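In the order they appear, the protein sequences are chains Y and B.
Residue numbers for the first sequence, in our numbering: 1 to 190.
Residue numbers for the second sequence, in our numbering: 1 to 310.
Just so you know, the hints here were simulated from the structure itself, not pulled from any lab data.
Fair warning: this is a prediction, and the values are worked out from it, not measured in the lab.
A portion of the hints provided could be inaccurate.
As the list claims (entries may be wrong) - In silico EDC-like pairs for lysine to aspartate or glutamate, Cα to Cα no more than 16 Å straight-line:
hint, chain 1, residue 1, chain 2, residue 2
1, Y, Lys81, B, Asp197
2, Y, Lys81, B, Glu147
3, Y, Lys116, Y, Asp91
4, B, Lys50, B, Asp197
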Amino acid sequence: MTTAVVNEPKRRGWRDVLFGRPEKPYVNPYVGGALLGVVLFLSFFLTGNGLGASGGLNRYVVFLQDLVAPEHVDRVAYLLKMAGGDKNPLDDYLVFMTLGTLLGGFVSGWQHGRLKVETNKGPNISVHTRWVMAFVGGAIMGYGARFARGCTSGQALSGGAVLSAGSWAFMFAVFGGGYAVAYFVRRLWN
Amino acid sequence: MPPFPLPINELLGHWGAYVVYVLIGFAFGYVLEISGFAISTKLAAQFYLKDMTVLKVMFTGIIVAMVLIFAATGLGLLDYNLIWVNPTYLWPGIVGGLIMGVGFIIGGFCPGTSLVSVATLKIDGLFFAVGGLFGIFLFGETVQYFEDFWNSSYYGRLTLMDWLNLPTGIVVLGVVLMALVMFWGGEQLERIFGGHDKPQRSWGRVAGVATLVAGALFVLMIGQPTTADKWVRLAPEKEALLAERAVQIHPGELLTSLADDQLNVIMLDVRDEADYNLFHIRRARHLPLADLSAAIRNCNWRPRPIRSSW
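Extracted from the complex, chain Y is given alone in its bound form:
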């Protein structure tokens, strides 16, 4: 008697497709950096513009403000520039670059098995503390990024690569600010 081996196709639900891939390690940071450099170069080479994130986010915020209070937007010079009159604040390249960044992060996370609903935190704080601190830090960061006219991507990376003097001063200020406060908030991460 022969036994037949039936290869039943494994049924894979959408959960498996999204989260079931084996987790891969991160690339060597210098390799990641070199790839980042090539992407940054191509951005300048093809379009004349560097990379950015906070400028695009700013336009989403102003879009919402323009929906709720268009008269207010028309009265504040900073908002007026982006959404005055019938200007659409979303009609800007940074808005689309931001969409691409989300998409690229998602595809890489999926492909390398790193899509995971989780909260990353230091061992000595609760998940809720981490959430509150993430919100507070995010608000400080968002405020500072617009103050400096760009974030780590738009000022430090892009301005740094084309040798803008102000971007280099900015970059050292970011690291300075971080290191100056790191000791006092060490409980958050250690």
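Go by the hints and put chain B onto chain Y.
Chain B only, in chain Y's frame:
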């Protein structure tokens, strides 16, 4: 004229250009994710000297892009004048940077990395991103109270070359060497504070360092195009326009402008000194073409502060 950057809006149209930006953003997000930048604890470890991934990725990215950009401009492929160089607002930039540094260590991300974190379903990333949007909102609502400071110490398109008064090649080489020293220092700190092993000597590392230094030396060797070089490249196209008087100011317009008190008219005569001495328009200043870029910098480019509340 250098063929790059491409006028993508004209080539591909409004939406076509946006597709290009989505693709560039995609590559950006992908690279951030494979470098581990979706994980707040990994980013924060930078500030406790345990894991210098942020420093390594950022500065490798900067120096690789920088060498490629200035090699391309040196070879005449890319027009440096047409790429966006962040204008310098020195003090607002420094204050904003310090605030951001504080936000970074408290929140664990920067705006770009928080996007990738959200994309890979990290809840702390989501809280950070929502907080970031709130901070941006707050800034838009409060900037009117310190608009003068926000527009102060403006130096326009100031580059490290202008500031240090050094040729581009030297600055590029200097930045590459500085970054290599920082990488070496960072790896020492990782060993001391992070308990990392001594990094293995490998052909990849040697080749990477050699390529970067060779690239910087190449940039130094080829130099950057001078105003005269650029003119030689532009001449066939632009001289034809001058010859058929497509580019000119009408005498009547010049006369009205000169009589207008609200305008500060500067007339520059860039022909040879001999031609200038033979004939020139009254009140026109002689300026050799080579000094033009320096003279432009001396013009008063400060933006007038915009008053929003009155």
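A quick look at each hint next to the structure:
1. Lys81(Y) to Asp197(B): Answer violated: Lys81(Y) to Asp197(B) is near 52 Å, above 16 Å.
2. Lys81(Y) to Glu147(B): OK: Lys81(Y) and Glu147(B) at ~14 Å, within 16 Å.
3. Lys116(Y) to Asp91(Y): violated (32 Å)
4. Lys50(B) to Asp197(B): holds (12 Å)
Taken one by one, the earlier hints fail for this structure at numbers 1 and 3, listed in ascending order.
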